[in-house]
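Novice: Residue-level listing of the chains:
There are 2 protein chains.
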Amino acid sequence: MIEMTPFLDRNSEKPLYMQLSNYIKQEILSGRIKSNEKLPSKRSLAQYLGISVNTVLAAYDQLSAEGFIVSKPRQGLYAAVIEEELEFDYPYSQPFLIEEEKETNRVLIDFNSGKVDLVHFPYAIWRKLTIQSLYEDQGELFYNGNRQGERVLREQIAKYLFASKGVRCSPDQIIIGAGTQMLIGLLGMIIGKEQIYALEDPGFHRTRMVLQDLGVRTIPIDLDSDGINLSKLKQSNASVVYVTPSHQFPYGMIMPISRRMELLKWAEENDGYIIEDDYDGEYRYKGNPIPSLQGLDGKGKVIYLGTFSKSLIPSLRISYMVLPPILLERYRKHFTIYKQTASRLHQQTLYYFMKDGYWQSHLNKMRTLYRKKHALLMSSVEKYFGKNVNVIGADSGLHIVLEIKKQIGEAPLIESAIASGVKVYPLSTYFHDTQGSPDSKILLGFGGLTEFEIDRGIQLLKAAWGF
Amino acid sequence: MIEMTPFLDRNSEKPLYMQLSNYIKQEILSGRIKSNEKLPSKRSLAQYLGISVNTVLAAYDQLSAEGFIVSKPRQGLYAAVIEEELEFDYPYSQPFLIEEEKETNRVLIDFNSGKVDLVHFPYAIWRKLTIQSLYEDQGELFYNGNRQGERVLREQIAKYLFASKGVRCSPDQIIIGAGTQMLIGLLGMIIGKEQIYALEDPGFHRTRMVLQDLGVRTIPIDLDSDGINLSKLKQSNASVVYVTPSHQFPYGMIMPISRRMELLKWAEENDGYIIEDDYDGEYRYKGNPIPSLQGLDGKGKVIYLGTFSKSLIPSLRISYMVLPPILLERYRKHFTIYKQTASRLHQQTLYYFMKDGYWQSHLNKMRTLYRKKHALLMSSVEKYFGKNVNVIGADSGLHIVLEIKKQIGEAPLIESAIASGVKVYPLSTYFHDTQGSPDSKILLGFGGLTEFEIDRGIQLLKAAWGF
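If you read the sequences in order, they're chains A and B.
Count the first sequence with our numbering and you get residues 1 to 467, in order.
Count the second sequence with our numbering and you get residues 1 to 467, in order.
Hints may contain errors.
As the list claims (entries may be wrong) - Covered stretches of chain B, as calculated for chain A (at least 3 residues, CB under 8 Å):
| # | region |
| --- | --- |
| 1 | 113-123 |
| 2 | 184-193 |
| 3 | 196-209 |
| 4 | 312-323 |
| 5 | 337-343 |
| 6 | 346-358 |
Quick caveat, the hints were computed from the structure, so don't treat them as lab data.
Model, not experiment: these values are computed from the prediction.
Backbone N, C-alpha and C define an ideal beta-carbon position, used for all residues, glycine too.
Let the hints inform the model, and build the full structure from the sequences given.
Specialist: Rendered as C-alpha cells:
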C-alpha cells in the first residue's frame, strides 16, 4: 500500500476530508504518488488513519472531481497521469535576469529615498483591522467598489487633509488610485495631452516620464532658492505646472507663501493648472507649516496629490488626487470608464485605521522617529565630513542632498560607495538633461535605516570617498 | 420605541451582534433613526427581537465604540449626531452626485456581465490565507515588491497557463497589474503609440477607450462567424490587432483553429502583434478546448492577457500579461520606471491559493456552477420567449446576447426592463460607431445571479417586452 502520513488536524477550520484530499493532491503533484499508482481502498485507508470511511470517501470524491484520481471499474482508484512541469519546452530559452536584483545582494546599507521605517509600523493593529475588514460585509468587499475609491475612506482623507494641510475639498472630489504614477497618467488625460506641462528641473523623474510616455510636451524650469523659478515659468508657454512645494524633490526647499501666491496668480492669469504633489509633506523639522496651494486657491486651479506610500507603507498602493470642480466634471463625463485600481480590502482597512485614530498616532510617532533619525544623520555628517560637504534641503522630508567639496564625479562617488557596501543615489536622474546635473552631489534617503545604520553608513562613505 | 425589523440570520458566519449593529448603523446613517433619538433599552430590544441581552449589549458596545451611539448618564443610549459631511466651508458648494448610484436602487435583478458568483467563493479559505500572508514575512510584504509582480505568483500563473491554455512562457515574461485596463495602457506604450491598432467591432469598449485616450489610432474590423474578419484586417494598415478568441466580447463566438493560424500568419507577414485577451476563457460549455494563440505562436508575436476578475473575484485587482521576448526587452529597458500596482498582500494570498490547490478546486466548482446557471438561463429563455428570440454566443463565458424578434429599439428595451426591476445591457456600447449597432439586441450576464433570479429575471423581461 502507498505510504501516507498526512497530518490531520481535527481543530483546524478546514474539514478533515479537505486536509486529506489536499495531502494526496500534493503527493501526486510532487511525484511521491506516481501516475497510475493504485490508491488504497477507502476502508483500509480509513482504518489506517483512524478516521471514518465517509471522510475518506469525501476526500476521494473531491480528488476525483478535480481529476487527480481516476476510477477504473472493478479495479479501484488510481492516481491520474499528471502533466509534467513546463520547464522542458519554453520556446525562449534565454533567462531574463533583472540586473538590479543581483546588484543589491552586495549592499549592506541602502540610503534609498523610497524606503520608510517599517520597524515601527503597527503591524498588530493593521492585521487586526485587515481581519476585521475581511469578516465584515461578506461578499460586498469582493466586488468592484466605487471607481473613485471607497466613499468612507475618501471622507477620512478629506477630513485629514483639511485639518493638517488646509486642503478644502469634499470627498466627491477625491480620486483614489494604486500609486501616484497611475494618477498622474489619468490626470494628464483629464487636463489634456495638448497642454504644455512645466516641470521642476531637477524634479521627480517618474512624473516626467509618465507625462512624456503619454505623449505630452514637457518643459524643464530651473529652481531658485524658493522653488520653481517664476520668471522662467512666465517666459515659457506652459499652461500646467507640476510642483512639490512642501519639500521640493530632490533639493528639499519649502516654497514660501509669497512664491505660492505668485504661482496661484500665474495660474489664474494663464487659465492654467497647478499640480501640487505633497509626497512627504507630513515630515518637517524646521519652521511653521505653510498652507497647501490647494488651500490658498480660490479659483479651482490646483490639483492636490497625496500618497500613503511615504507616510504609511509603500506596498498598500494607495494614493489620491483632489480635483477642482471643472476637472472633476471632465472626469465624470469621460474617465469613469477607468476602474478603481486600489485594493478594496486595503481601502477599508485604511478607513478603520484613520477613523479609529491610529493614523494620527502613527504620524505622531513617525514624526518623532524621523526627527531623531534626521538629527543623527546631520550629526554623523558633521562628525565624519565636517566642512568637506554641504547639506542641502535638510528642513523636511526623508532625504537630503549631500554636496561633496572634492573633484569626484557622480558615478565614481556611487561606485566607490557600493564597493564599501553602501548604496547612495545619483542626482542626475532628476534632471531633464542629465548633462546639466552637477557632478559632486548625491541623494541620501534615511527613512528605512536604523540609527546605527545611518551612522555606520556615513562613516563608510567617509572612507570610501577618501576623506 | 423605535421600530426595528432587522433580518438576523443565525446560520450566517457573521455573528448576530454584528448583524444587529450593522443594521442599526444603516438605520442611523440613512436617517431612519434620527440624531439624538433614544434607543430601546437592551432588555426590551432583546425581548422584542427574541435574542439574548448579551447580543444586544455587544451590538451597542460596537456602535458606541464606532461613535454611532452615545450614552447619556442615567438616561440611556441615543443615536449620535452624525456629522453632516464637511459641508461647512467647502469652497465649492455644488453637490457632486453620481447618477448611476441613484439608479441602481430600483433594480431588483441585474444581468451585469461584470459580476461573478460570490456566494460560492471560498471565503473561509481566502481569509485564512490572507491572515497567513499577513503574519508571514513581517515587514517584507509592506515594502514595494517586484515591479513585474511577486515572482512566486508569476510561477504559479505560468504553470496554470501552460496546463490549461497551452500558453508557453517563463515567469519572467509575466507582468502583473491592477486590472486589464492598466496593463493595456502600459502595453500600448511598449508596443508603440505610433502603431495602428485593429479592434474587433463590436468589441471591448474599455480597451478601445484606453488606447484612444493614449492617443493611439484604432481601426474597427468587422466580425464574421469565426471572429475577426481576416480579409478586412489585411486590407487595413494596422500592425497590431486586439482579439478575444476564447469568447469574443460581446458576440461570444470561439475562434476556430484555422482562423487562429491565419491570424498568426498575418502577424508574421506584417511584422505585427496580436493582443489575445482571454478574459473569461475558463468557462466553456461546448466543444473541445482550442490552444491559445500564444501557444500556437512560434515567432513571439502574441501578447496573452488574463485576469482573475472573472475567474476569482473582481476586487482583487490582479490581471497579468505575457510579453514575447522583444517586447519584454523594451519593457525592461524603458518601462521599469512604472511601479507594480497590484497589492502585494493579495498577490501573496493568491500564490498560496494557487499553490495549495484551491484555485483548481475553485475553478472546477465554478465551472459546474456556471454550467448549471447557463443551462437554466437557456431553458428559461426557451420557456418564456420560445421562438421570439435568438440566443447568440452561448457556447462559453458568463454572458449571452439576446436578439429580440420584434421592432423595439435598444433604449426602449432597456427602459421597459428597468421599469420592471430588471437591468439589461446595451450592445451599442461595444460598437465603434454606435449608429452601426443593431437595434434589437441585448447583453445578459448571468454569473452574479442565482438560479432563481435568472429564471425570475427572464420571466419579468417577457412581461416587460410584451410577449
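Novice: Against this structure, judge whether each hint is valid.
Specialist: Okay, the hints, checked on the actual structure:
With a cut-off of 8 Å between beta carbons, the region 113-123 of chain B has 6 residues touching chain A; three or more are needed, and the interface restraint holds. Taking a C-beta to C-beta cut-off of 8 Å, the region 184-193 of chain B contributes 3 residues in contact with chain A, enough for the three needed, and the coverage statement holds. Judged by the Cβ-Cβ criterion of 8 Å, the region 196-209 of chain B is covered by chain A as claimed, because 3 of its residues qualify and three suffice. Residues of the region 312-323 of chain B lying with their CB closer than 8 Å to a CB of chain A number 5, which satisfies the three-residue condition for coverage.
Counting residues of the region 337-343 of chain B whose beta-carbon sits less than 8 Å from any beta-carbon of chain A gives 7, enough to reach three: the coverage restraint holds. Proximity of the region 346-358 of chain B to chain A, defined as three or more residues with a beta carbon under 8 Å from a beta carbon of that chain, is established by the 3 residues found.
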